[in-house]
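Colleague: Each chain, letter by letter, is given below.
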Amino acid sequence: MENKLALRVDDLDNVATVFANGITAGTEIDVRDKKGNTERITVLADIPYGHKIAVTDISAGSHIMKYGESIGEAEYDIRRGDYVHVHNMKALRGRGDLE
Amino acid sequence: MAYTFQGYRRPDGKIGARNLVAVIPSVICANDVGQAICRQVQGTIGYFHHQGCCQLPLDLKRVTDTLSNLGQSANVGAALIVSLGCEGTDHERIVEEIRATGKPVDIIRIQELGGTSRAIQAGIDAAQRMVQEISGLQRETADISELTMSIKCGASDTTSGMASNCVIGYVADKLVDLGATVIFGETTEFLGGEHILARRAVGGETGPVGQCIYRIVDEMEKRAMAIGEDMRGGQPTPGNIAGGLSSIEEKSLGAIVKSGHRPIQGVLEYCDRADGKKGLWIKDSPGREPEILTGMAATGAQVMMFSTGRGAPQGFPSMPVIKICGNPNTYERMQHDMDLNAGRIITGEKTIEEVGEEAFALLLEVLNGRMTKNEALGYYGSMDIFCLGPVI
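Chains as they are written, first to last, in this note's numbering: chain A, 3 to 101; chain B, 240 to 631.
Read the hints as simulated data drawn from the structure, not as lab findings.
Values in this document were obtained by computation on a predicted structure and should not be read as measured data.
By construction, the Cβ of each residue, glycine as well, lies at the ideal position given by its N, Cα and C atoms.
Wrong hints could be hidden among the right ones.
The calculated lysine-lysine pairs, modelled on DSS-like cross-linking and capped at a C-alpha distance of 30 Å, are [as the list claims (entries may be wrong)]: (1) A:Lys6 / A:Lys37; (2) B:Lys300 / B:Lys589; (3) B:Lys300 / A:Lys37; (4) B:Lys612 / B:Lys589; (5) B:Lys413 / B:Lys300; (6) B:Lys461 / B:Lys300; (7) B:Lys413 / A:Lys36; (8) A:Lys37 / B:Lys589; (9) A:Lys36 / B:Lys589; (10) B:Lys612 / B:Lys461; (11) A:Lys6 / A:Lys92; (12) A:Lys6 / A:Lys36; (13) B:Lys612 / B:Lys517; (14) B:Lys612 / B:Lys300; (15) B:Lys461 / A:Lys92; (16) A:Lys6 / B:Lys589; (17) B:Lys461 / B:Lys589; (18) B:Lys516 / B:Lys413.
Facing chain B, according to a computed beta carbon distance under 10 Å, are these residues of chain A, among others [as the list claims (entries may be wrong)]: (19) Gly28; (20) Arg42; (21) Ile73; (22) Leu94; (23) Arg95; (24) Arg97; (25) Asp99; (26) Leu100.
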């Protein structure tokens, strides 16, 4: 029986990484932190294996945090349980298009 | 505990994990002759790059330096240079520098010999002679501190930063503590994590090494941005994005995990060798496999430990590449390409330390002569040299 599990690397992170197959909208998933504490979150969208889920509400323009560091910026308001990827967050580095 | 491995002692004192005759075209135009020689003569490998002519002098020097360093590297027991005759690289310097290490070296010149078929015949004769000359060499015991291990991640996904790179970081720390040399690169994949690396530099973030880390990242980012595009799609790659990596920053933060936790001693340029350097070093290099694997082998690394999540199968002609796979699904699908399953960390079956010790044990076996999966499959043909200027 596969655990429906997502891992949150750092306490500062507002996303966790889903390591389970078949995660669809409405599924419940356990988000585990480094210390082994888990919290159950209801998933709001289909999320592929290895992709990210928001563990808090994130407002547009805020940093997306993983490994305790910024990995980019939310382009839209993101709700806890939402799928976080290139469709709703942008990179802030290597942006020759913004020069 | 002391660790040793069995390797081939070279006349200049270096120790190799393989005993190969390298066929080295000094220019892309000599590749076909070199390939014909390699097809015929057992125990040879070829460096079939695409450079060496109609480039700026700075790049021609890089190509010459890199080919010379590959020939001098300890896994190479003898070298045959294949020159066309009119190339821009300094093929005579390549011969002289390899000869200075004391190993057998020879050169054939295609135009001078009267063309392709005659050059192939002369090259086969020379390569056959060298293979016979070095093939009787016996392995001898070497201390692990004589090892230079290079590290790299490719075809990454989000498991890389949470499993396979952690395993390589564990091995890197252990090797540094044992007095060995560890080299990591992929400057592009420092973007967003450079402050973490700079703080780990000897002398701190504001010291010369820390400042150098900021400088090489800035230069790499500016080169990428000069075209006026968003890097995303090139870095991270479409495969990275399909694997869940959303930005270069996310990819970088996962990538730098493989460097472990030890202080960073300094930054090597792409053409620098690591002779006499101990501890953890950075090699300023791009992320793409053919160019960085070449840079690492030319540095003098006898082996590479390579982390992947999506499943990168390729190796390098003269440097065994050990594939550590972070994604348990990929390992299941690509077991014939992946040397170790670090996906067991993701599934909770093993700890980083447990898989790290397995990786270390496998490393010793590979140094002793056990073939990696890519070596056994002969999947090591693609390589190239990282140049800065245009083809002109």
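Colleague: Take the hints in turn and mark each one as holding or not.
Modeller: Consistency of the hints with the structure:
1. A:Lys6 / A:Lys37: Holds, because 18 Å separates the two Cα atoms, which is no more than 30 Å.
2. B:Lys300 / B:Lys589: violated (47 Å)
3. B:Lys300 / A:Lys37: Answer violated: B:Lys300 to A:Lys37 is near 52 Å, above 30 Å.
4. B:Lys612 / B:Lys589: holds (23 Å)
5. B:Lys413 / B:Lys300: violated (36 Å)
6. B:Lys461 / B:Lys300: The hint holds at about 23 Å.
7. B:Lys413 / A:Lys36: holds (23 Å)
8. A:Lys37 / B:Lys589: OK: A:Lys37 and B:Lys589 at ~16 Å, within 30 Å.
9. A:Lys36 / B:Lys589: Roughly 15 Å separates the two Cα atoms, so the pair holds.
10. B:Lys612 / B:Lys461: violated (37 Å)
11. A:Lys6 / A:Lys92: holds (27 Å)
12. A:Lys6 / A:Lys36: Distance of about 17 Å is within 30 Å: holds.
13. B:Lys612 / B:Lys517: With Cα atoms ~29 Å apart, B:Lys612 and B:Lys517 stay inside 30 Å; holds.
14. B:Lys612 / B:Lys300: violated (34 Å)
15. B:Lys461 / A:Lys92: Status holds; Cα separation ~19 Å.
16. A:Lys6 / B:Lys589: holds (18 Å)
17. B:Lys461 / B:Lys589: Given that 30 Å is the threshold and the Cα spacing comes to 41 Å, the pair is violated.
18. B:Lys516 / B:Lys413: holds (16 Å)
19. Gly28: Cβ of A:Gly28 sits 21 Å from chain B, so the hint is violated.
20. Arg42: With a minimum Cβ separation of about 18 Å from chain B (threshold 10 Å), the hint on A:Arg42 is violated.
21. Ile73: At 4 Å from the nearest chain B Cβ, A:Ile73 passes the 10 Å test, so the hint holds.
22. Leu94: This hint holds: A:Leu94 lies near chain B, its Cβ roughly 7 Å from the closest one there, short of 10 Å.
23. Arg95: holds (4 Å)
24. Arg97: Status holds, d = 6 Å.
25. Asp99: Cβ of A:Asp99 sits 4 Å from chain B, so the hint holds.
26. Leu100: holds (8 Å)
Checked against the numbered hints given earlier, this structure breaks hints 2, 3, 5, 10, 14, 17, 19, 20; the rest are met.
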